[in-house]
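Engineer: Chains S and R, in that order, give the protein sequences. Mapping to the numbering used here: the first sequence position 398 is 398, numbers consecutive. Mapping to the numbering used here: the second sequence position 142 is 1142, numbers consecutive.
One thing to keep in mind: the hints can contain errors.
[As the list claims (entries may be wrong)] What the simulated footprint calls covered on chain R by chain S, stretch by stretch (three residues with Cβ under 8 Å from a Cβ of chain S suffice, anywhere in the stretch; the number is not a length):
no., stretch
1, 1035-1048
2, 1063-1069
3, 1074-1084
4, 1179-1188
5, 1205-1212
[Stated by the list, open to error] Some chain S residues flagged as far from chain R (calculated, every beta-carbon gap over 10 Å):
no., residue
6, MET1
7, GLY24
8, HIS52
9, LEU183
10, HIS189
11, ALA256
12, LEU259
13, ALA273
14, ALA390
15, ARG398
16, PRO445
17, ALA475
[What the hints assert, rightly or not] Just some of the chain S residues that point at chain R, by a computed CB distance under 7 Å:
no., residue
18, LEU27
19, ARG29
20, ILE33
21, GLU148
22, PHE165
23, PRO193
24, SER423
These are computed hints drawn from the structure, not numbers from a lab. Using N, Cα and C, we set each Cβ at its ideal position, and we do this for glycine too.
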Amino acid sequence: MGLFLVLPLATALLLAILAASGYGRVLRRYAGIVAASVILSCGLALASAVLHDRTVTALGGQLRADALSAFMLIVVGSVGLTATWGGLDPDPEADPGRLYAVLVVLFLGAMSLAVLADNLGVLWVAVEATTIATAFLVGHYRTRRSLEAAWKYVVLGSVGVAIAFLGIVLLYAATRAAGDPTLSWNTLHHSPPALDPSLVKVAVALAILGFATKAGLAPMHSWLPDAHSQAPAPVSGLMSGVLLSVAFYAILRVQAVALPVIGIGLMRGLLVAAGLLSLAVAAALVLRQHDLKRMLAYSSIEHMGLLALAAAVNSPLAIGAALLHVLGHGLAKSSTFVVSGRILLAEGTTTISEIRSLLSRRPGVAIPFLCGMVALLGLPPFSLFFSEVAIVVAGLQRGMGWVMAVAVALVLVTFAGLSRHVSNMVLGSGDAPGPAAADQRAHGPRLPLVLALGATGVIGFAAGSFATLLTEAAAALGAPR
Amino acid sequence: MSTPLSSSVYSQLVGLFTGVLLLSSVLIVWRRSLTAQIRLLALQGLALAALVTVLAISETSAELLAVSGLVLVLKAIVLPGVLWRAVASDRVPREETPLINTTTALIALSLLTMLAFLVSRPLVALGSGPAIAAVPVGVALVLFGFLVLATRRHAVSQLIGFLVLDNGVAAVAFLTAGGVPLVVELGVSLDVLLVVLILQVLTSRIRTEYGDADLADLTELRD
């Protein structure tokens, strides 16, 4: 079973080496898809193993999968597959370039390492490695804007996670003072040494602040719209759909370690503040956006804000809903970013005001775009509806009524802004070419989008082992009932 | 416990090297010439490596001694070298104008140092050794790094700020916990090296694009 822990990392490394050594255009073209498929398969295998006999370890306990790790690996794999497969250039002769192929594969590998390492220090190293892998992907187009975005992204991202590292160092110092130096979340969670609460408070505040920067939570979100709008569409999909969630996973792990020592109070305060501020930023700025990809980026800030609120509630229902939200948002957001790339290809622009009556002119891209946006707006039958409702209900159960009321109001404002933009772009009867000349092409593979959006539509109703996995993953974090 | 260092020599050495850490970062804020700042950064790396060596000898830890060698190579030689290359391609020696003047910056430093001692109280409560007592210096370095990042507009200055911050985090790690586990230490060192290399490449791209590496020019992305 330990093989499935090593395989994602080994595959990513091997593909990166092969792509770097110039092994042909075909390999560069499909490397990301292969890596994501392997990661997804390993995630599914680990999930089934975890549901039968709890945890899987490899490399002498350095790598470990509990239900949460397995679930997150599935998210990395499935979102990665949507972004890389859906983002495939429709021209079969196109070459993505050596650097691009290597960095995408390493990016996927780093995210897998982040969710599989049983060591908060290695988790940190992997999160920082994602910044390194994506820096040149953000700056891929080598325009002034992408250069500016890449600079801000690397500086803010690195400084943010450096603060998180200070937090992890202090946590390590606390375990050392308690006589058992360790950074393993498994040890800290299951046989916690007697940690000094005042030190853990400082450590956790710094760690949450740092990882929140990487998760794109306000007020440290300013890199996010720039980076997401300048990166190539599949990379934006990966960053928005899963990189933010991996940083959120880091917050959850730190929270679970600190919870028995200092209680929820401090962390709830921090996360509620960051969550509500993120929702407010998204609500205030989404309507003013002129660019489709920036609009999607603000929608990501909104969804990360909801996740922060779920982590603040920290009941089994809230955490389970947050994880469902991570998967649903990842699939829907990577799909819409992929479609935004196709819109750019077909229309030559991503400026919102220049895209009109897409549905009658180009149904091939408009229909997946519309489905993805409906999912992101949180309408049924898509799973984001159920997870958002569950987060609010969980908040009410924990007596956070005011917080949830404000959150719902802000989500509604964002909803109005987003749906106005979307209806402007999609609806209308089209001035120049009649419906007879409508462009039916999808400008890329259809199947990955059908699968991703189909899955988003179905997982909200899913029961059985998927529901068990979510429950187990929430239980792995030891949220108080 | 038998240690090769007598306790008074040990505490004097820890005091000396953390003092150099603090002094070098004050001077980095004070000096405006980028080349001088890079030299001071190398000095800071040297002091950090020496501090780790002292800790390694006092704890008779071979692993920590190896880490001190790593710190020496990375923070005193390689990273300043990368920055030096980034500046060397400037034809005129850079004198930069920070957003706040030197007097204000030095007053801010003294306030930040006090703040560092204030917020380090739960840390200092960990023990009574000279290493623990020096932890506020590491925290002060982190805050100084933030100040440099917030007030300097030249790309290389921002890199220097990031590295001062990183040295501060490393100092806190070594003083409180004798460093993080080796595998983490290696990963962290590699990450920092790669981040600095990436930022150096971006700096040279900014310079080709805009004519110099002044970040005040980066204003195209706004809401």
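Engineer: Each hint: holds or not?
Structural biologist: Checked hints:
Beta-carbon proximity to chain S at under 8 Å applies to 0 residues in the stretch 1035-1048 of chain R; the threshold of 3 is not reached and the given coverage is violated. Using a Cβ-Cβ cut-off of 8 Å, 0 residues of the stretch 1063-1069 of chain R lie near chain S, which falls short of the minimum of three, so the contact claim is violated. As drawn, the stretch 1074-1084 of chain R meets chain S at 0 residues by the rule of a beta-carbon pair under 8 Å; below three, the given contact is violated. Look at the stretch 1179-1188 of chain R against chain S: 6 of its residues bring a Cβ nearer than 8 Å to a Cβ of that chain, three or more, so the hint holds.
For the stretch 1205-1212 of chain R, the proposed coverage by chain S is satisfied: 4 residues have a C-beta within less than 8 Å of a C-beta in that chain, meeting the threshold of three. Every Cβ of chain R is farther than 10 Å from the Cβ of MET1 (chain S); the closest lies at roughly 22 Å, confirming the non-interface assignment. Consistency note on GLY24 (chain S): stated as away from chain R, and its beta-carbon is indeed over 10 Å from all of that chain's, at 27 Å minimum. At the 10 Å boundary, the C-beta of HIS52 (chain S) stays outside the reach of chain R, the nearest C-beta of that chain being 30 Å off.
Taking the minimum C-beta to C-beta distance to chain R, about 7 Å, the non-interface status of LEU183 (chain S) is violated against the 10 Å cut. Consistency note on HIS189 (chain S): stated as away from chain R, and its beta-carbon is indeed over 10 Å from all of that chain's, at 18 Å minimum. Listed as a non-interface residue, ALA256 (chain S) keeps its Cβ farther than 10 Å from every Cβ of chain R; the least gap is roughly 19 Å. LEU259 (chain S), annotated as away from the interface, keeps every beta carbon of chain R farther than 10 Å; the closest lies near 19 Å.
Its beta-carbon lying about 19 Å from the closest one in chain R, ALA273 (chain S) satisfies the requirement of being farther than 10 Å from that chain. The claim that ALA390 (chain S) lies off the interface holds: its Cβ sits roughly 32 Å from the closest Cβ of chain R, which is beyond the 10 Å cut-off. The beta carbon of ARG398 (chain S) sits about 28 Å from the closest Cβ of chain R, which is more than 10 Å, so the claim that it is off the interface holds. The Cβ of PRO445 (chain S) sits about 31 Å from the closest Cβ of chain R, beyond the 10 Å cut-off, so the non-interface label holds.
ALA475 (chain S), annotated as away from the interface, keeps every beta carbon of chain R farther than 10 Å; the closest lies near 28 Å. For LEU27 (chain S), the interface hint is violated, since its Cβ never comes within 7 Å of a Cβ in chain R; the closest pair sits about 24 Å apart. For ARG29 (chain S), the interface hint is violated, the least distance from its beta-carbon to any beta-carbon of chain R being 25 Å, above 7 Å. For ILE33 (chain S), the interface hint is violated, the least distance from its beta-carbon to any beta-carbon of chain R being 26 Å, above 7 Å.
For GLU148 (chain S), the interface hint holds, the least distance from its beta-carbon to any beta-carbon of chain R being 4 Å, beneath 7 Å. The criterion of a C-beta within 7 Å of any C-beta in chain R is met by PHE165 (chain S), whose closest approach is roughly 6 Å, and the hint holds. Using the Cβ-Cβ criterion of 7 Å, the hint placing PRO193 (chain S) at the interface with chain R is not satisfied: the shortest such distance is roughly 13 Å. Interface hint at SER423 (chain S): violated, since its Cβ lies 22 Å from the closest Cβ of chain R, which is beyond the 7 Å cut-off.
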